[in-house]
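My request is simple: use the sequences and hints to build the entire structure.
Heads up: the protein sequence lines correspond to chains P and H, in order. Heads up: the first sequence at position 287 corresponds to 895 in the numbering used here, and the numbers run straight through without jumps. Heads up: the second sequence at position 73 corresponds to 681 in the numbering used here, and the numbers run straight through without jumps.
Hints in this document: simulated from the structure, not taken from any laboratory. Take these hints with a grain of salt, some might be off.
If several chains are the same, the list does not tell them apart, and a pair holds so long as it fits within one copy or across any two.
Below 20 angstroms or equal to it, Euclidean Cα-Cα: the simulated PhoX-like pairs (lysine-lysine) are [what the hints assert, rightly or not]:
| hint | residue 1 | residue 2 |
| --- | --- | --- |
| 1 | Lys844 | Lys733 |
| 2 | Lys813 | Lys730 |
| 3 | Lys916 | Lys647 |
| 4 | Lys946 | Lys916 |
| 5 | Lys815 | Lys905 |
| 6 | Lys934 | Lys730 |
| 7 | Lys813 | Lys926 |
| 8 | Lys764 | Lys946 |
| 9 | Lys887 | Lys985 |
All of these numbers come straight from a predicted model, not from anything done at the bench.
2 protein chains.
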Amino acid sequence: MTFFDRQKLQEILLIERARLEEFKKLKLNLDMSRGKPSKAQLDLSNGLLDIVNSITYSIDNFDCRNYGLLDGLPQAKKLFSSLCEVDESEIIISGNSSLNIMYDNLQRAMQFGVNGGISFNKQGKIKWLCPVPGYDRHFAITELFGIEMINIPMTKDGPDMDMVEQLVASDESIKGIWCVPKFSNPQGIVYSDQTVTRFAKLQPKAKDFRIYWDNAYMVHSFSQDVELLNLLNEAKKFNNSDIVYMFGSTSKISFAGGGISYFIANKNNIESIANLMSKQTIGSNKLTQLAHVLYFKNTQNIKNHMQKHAELMRPKFKIVLESLQKELYDFATWIEPKGGYFVSVDLAEGTAKRTVELAREAGVVFTGAGATFPYRKDPNDSNLRIAPSFPPIEELNPAMDVFCCAAKIAFCEKHLA
Amino acid sequence: MTFFDRQKLQEILLIERARLEEFKKLKLNLDMSRGKPSKAQLDLSNGLLDIVNSITYSIDNFDCRNYGLLDGLPQAKKLFSSLCEVDESEIIISGNSSLNIMYDNLQRAMQFGVNGGISFNKQGKIKWLCPVPGYDRHFAITELFGIEMINIPMTKDGPDMDMVEQLVASDESIKGIWCVPKFSNPQGIVYSDQTVTRFAKLQPKAKDFRIYWDNAYMVHSFSQDVELLNLLNEAKKFNNSDIVYMFGSTSKISFAGGGISYFIANKNNIESIANLMSKQTIGSNKLTQLAHVLYFKNTQNIKNHMQKHAELMRPKFKIVLESLQKELYDFATWIEPKGGYFVSVDLAEGTAKRTVELAREAGVVFTGAGATFPYRKDPNDSNLRIAPSFPPIEELNPAMDVFCCAAKIAFCEKHLA
Chain P
609 MTFFDRQKLQ EILLIERARL EEFKKLKLNL DMSRGKPSKA QLDLSNGLLD IVNSITYSID
669 NFDCRNYGLL DGLPQAKKLF SSLCEVDESE IIISGNSSLN IMYDNLQRAM QFGVNGGISF
729 NKQGKIKWLC PVPGYDRHFA ITELFGIEMI NIPMTKDGPD MDMVEQLVAS DESIKGIWCV
789 PKFSNPQGIV YSDQTVTRFA KLQPKAKDFR IYWDNAYMVH SFSQDVELLN LLNEAKKFNN
849 SDIVYMFGST SKISFAGGGI SYFIANKNNI ESIANLMSKQ TIGSNKLTQL AHVLYFKNTQ
909 NIKNHMQKHA ELMRPKFKIV LESLQKELYD FATWIEPKGG YFVSVDLAEG TAKRTVELAR
969 EAGVVFTGAG ATFPYRKDPN DSNLRIAPSF PPIEELNPAM DVFCCAAKIA FCEKHLA
Chain H
609 MTFFDRQKLQ EILLIERARL EEFKKLKLNL DMSRGKPSKA QLDLSNGLLD IVNSITYSID
669 NFDCRNYGLL DGLPQAKKLF SSLCEVDESE IIISGNSSLN IMYDNLQRAM QFGVNGGISF
729 NKQGKIKWLC PVPGYDRHFA ITELFGIEMI NIPMTKDGPD MDMVEQLVAS DESIKGIWCV
789 PKFSNPQGIV YSDQTVTRFA KLQPKAKDFR IYWDNAYMVH SFSQDVELLN LLNEAKKFNN
849 SDIVYMFGST SKISFAGGGI SYFIANKNNI ESIANLMSKQ TIGSNKLTQL AHVLYFKNTQ
909 NIKNHMQKHA ELMRPKFKIV LESLQKELYD FATWIEPKGG YFVSVDLAEG TAKRTVELAR
969 EAGVVFTGAG ATFPYRKDPN DSNLRIAPSF PPIEELNPAM DVFCCAAKIA FCEKHLA
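Encoded structure:
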């Protein structure tokens, strides 16, 4: 912020309040709150809906309409383990939700312990590291289990690794950390090689500590790809792969909630999880897995397909970033993401809640202030997440106009109070 | 059994052993162990694979390719609540596995308690009623959670209700019962109206007791339908609907492991479960739900469709029952099922394990002896489950020949020992 001239602020407030009243007259009804793919993005995968039919339901003599294959269709294991550069034995293909796999893994740890260890339920207070800002649905899971969440500040290279290393080395009650290592939710940060290597070498005091590595946006760059080191493979170099759980899905490759998800880990972890899973289900829907195998065929096709997503996402992010640059240069900071689904904006302290409230009054819904923090408590009331993927492009300009206007009003109100 | 003449038994043993040696020469490789639908049955639903395509993915302006609808597609809720004769507000449509819903419900009770009650994990020893013989995957879930399983004998009308009522009224640690109320697994028994009414009126000491009512075969009769009272609606008459959890799926209507599943309960239970579910997933695959809605359209079509299944199942059960009648009349007892997937055979005490072993030597796999009991312990080593659905009809005669031959050998060995 470069100015705190009261008179100047009063002028801005007057102008922006008048502007907001004009927006209200437009009776806007826009939603920028969730990272949902747009119709145009979903259309890119429509071929998936035609490729499995009453002729093509079998593959290599296996009938995908019947029971079996707890860990997934071998051809799907091959495709997605190849995409993730791990061995086929290190992946389990699951249903439509990687969030569900994360929840189930944590619930299993709560109930049965990790790989035969003592159940978390019997270990008293359990704690979890939460890089902030982060993904609200991650935090909701740990909150539900009564796990104490510890905020870890994000840097441009990923979580503050000094803090992570120090905490896990000294406190046996810390059992895990939520990570979105590539195009992090919401900041779009890609963990640096050094950060990944430090995770790979991590020496937690708790032997049942696991890194929950939610690589939701691994192929979701807007233009040139940004490399992320493979955590499982790095950890193997240090004979430390037990601490790695990796997750992914096609929710933002094919269909959101209509695709497939997967869990990746070393042999010890896969065996232990699969053994418990075998009591929970006979297996996931293999027809959906088959469709992905037949439609995408190989990793290069997935990467080409993601370029089409990028072409749809790029102009949307351009509008958001240009709008921020033009209007909020003096009022906020943000990081320009190179991929993913979000733009994270840090407004002036104490103005995020008010900004969301004002925008809502003008018919534009943003993710609630605080949502990006454990317990929905942003200590600075400053961070907001903008999700530009879902609305058609023509709605983004009015939505961002309202956002910037609201942020400026909140800023002026705060500094004039 | 009508004869125990040693000489007669020795004659039979000689004949049947020679016969088994002949079977071994055939190098059979047949599997009668699991209740999997046959290819011909799965073919009945192939239209499902063509009905959702790149044109038809939306319904009533809702795009089934995107996130949303935790409790399922409204049109799917309508269809299956209508089939189950409950209100649309009383059903949640889920993924491909009703077993998974049962597991998750029990895990939630273990971790969080039932509807805000004390978690089972914190209540010390937990017990569960298990009508026997029963479904091995049910018992595997309660065993995994360390829940003590109590055998309840089955009668021709369902579980021994005197015993059920007495136990639940006196022991607060009993929290549930596994039931397959129609064409029970494995006996094919349909619970009588009186049995269902007694369940509906059940007054367990534990307020967090639930009946796990797995109505897996609700529309799976071989000819004329056999009526089962609707437990939820009956329980409402006695203001007692909180104790009812009902489950079902299309695994044996459309595709096994490729269909949809559902959970049915009253408003209290649905709200509590949905609230916890909302942390676990954003929702199930709605494209599969949509396919079922578009393909089946209404309950009458589902019932007509099930008649086609019946036509495929009837001749298979006929072979099994004729074979038993012809060969094992003096050696075993069984119930003739009017629907479902299994024939349950009670052999002479102490001969079930040996029968399975001998059949396996001749290349025919049956469900392991004991599988139909908690802890895989049949106290009489007598009950075996025959699953005739999967093998092509031409394999059933040799498989049953081997079964009967093996049972007779085991009988003679036992009584000559």
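Now the hints, each set against the structure:
no.: 1; hint: Lys844 - Lys733; result: neither (30 angstroms within a copy, 41 angstroms between copies)
no.: 2; hint: Lys813 - Lys730; result: within (17 angstroms within a copy, 27 angstroms between copies)
no.: 3; hint: Lys916 - Lys647; result: within (13 angstroms within a copy, 39 angstroms between copies)
no.: 4; hint: Lys946 - Lys916; result: within (15 angstroms within a copy, 55 angstroms between copies)
no.: 5; hint: Lys815 - Lys905; result: neither (39 angstroms within a copy, 53 angstroms between copies)
no.: 6; hint: Lys934 - Lys730; result: neither (54 angstroms within a copy, 57 angstroms between copies)
no.: 7; hint: Lys813 - Lys926; result: neither (44 angstroms within a copy, 63 angstroms between copies)
no.: 8; hint: Lys764 - Lys946; result: within (13 angstroms within a copy, 67 angstroms between copies)
no.: 9; hint: Lys887 - Lys985; result: between (38 angstroms within a copy, 18 angstroms between copies)
Hint violations for this structure: numbers 1, 5, 6 and 7, all remaining hints satisfied.
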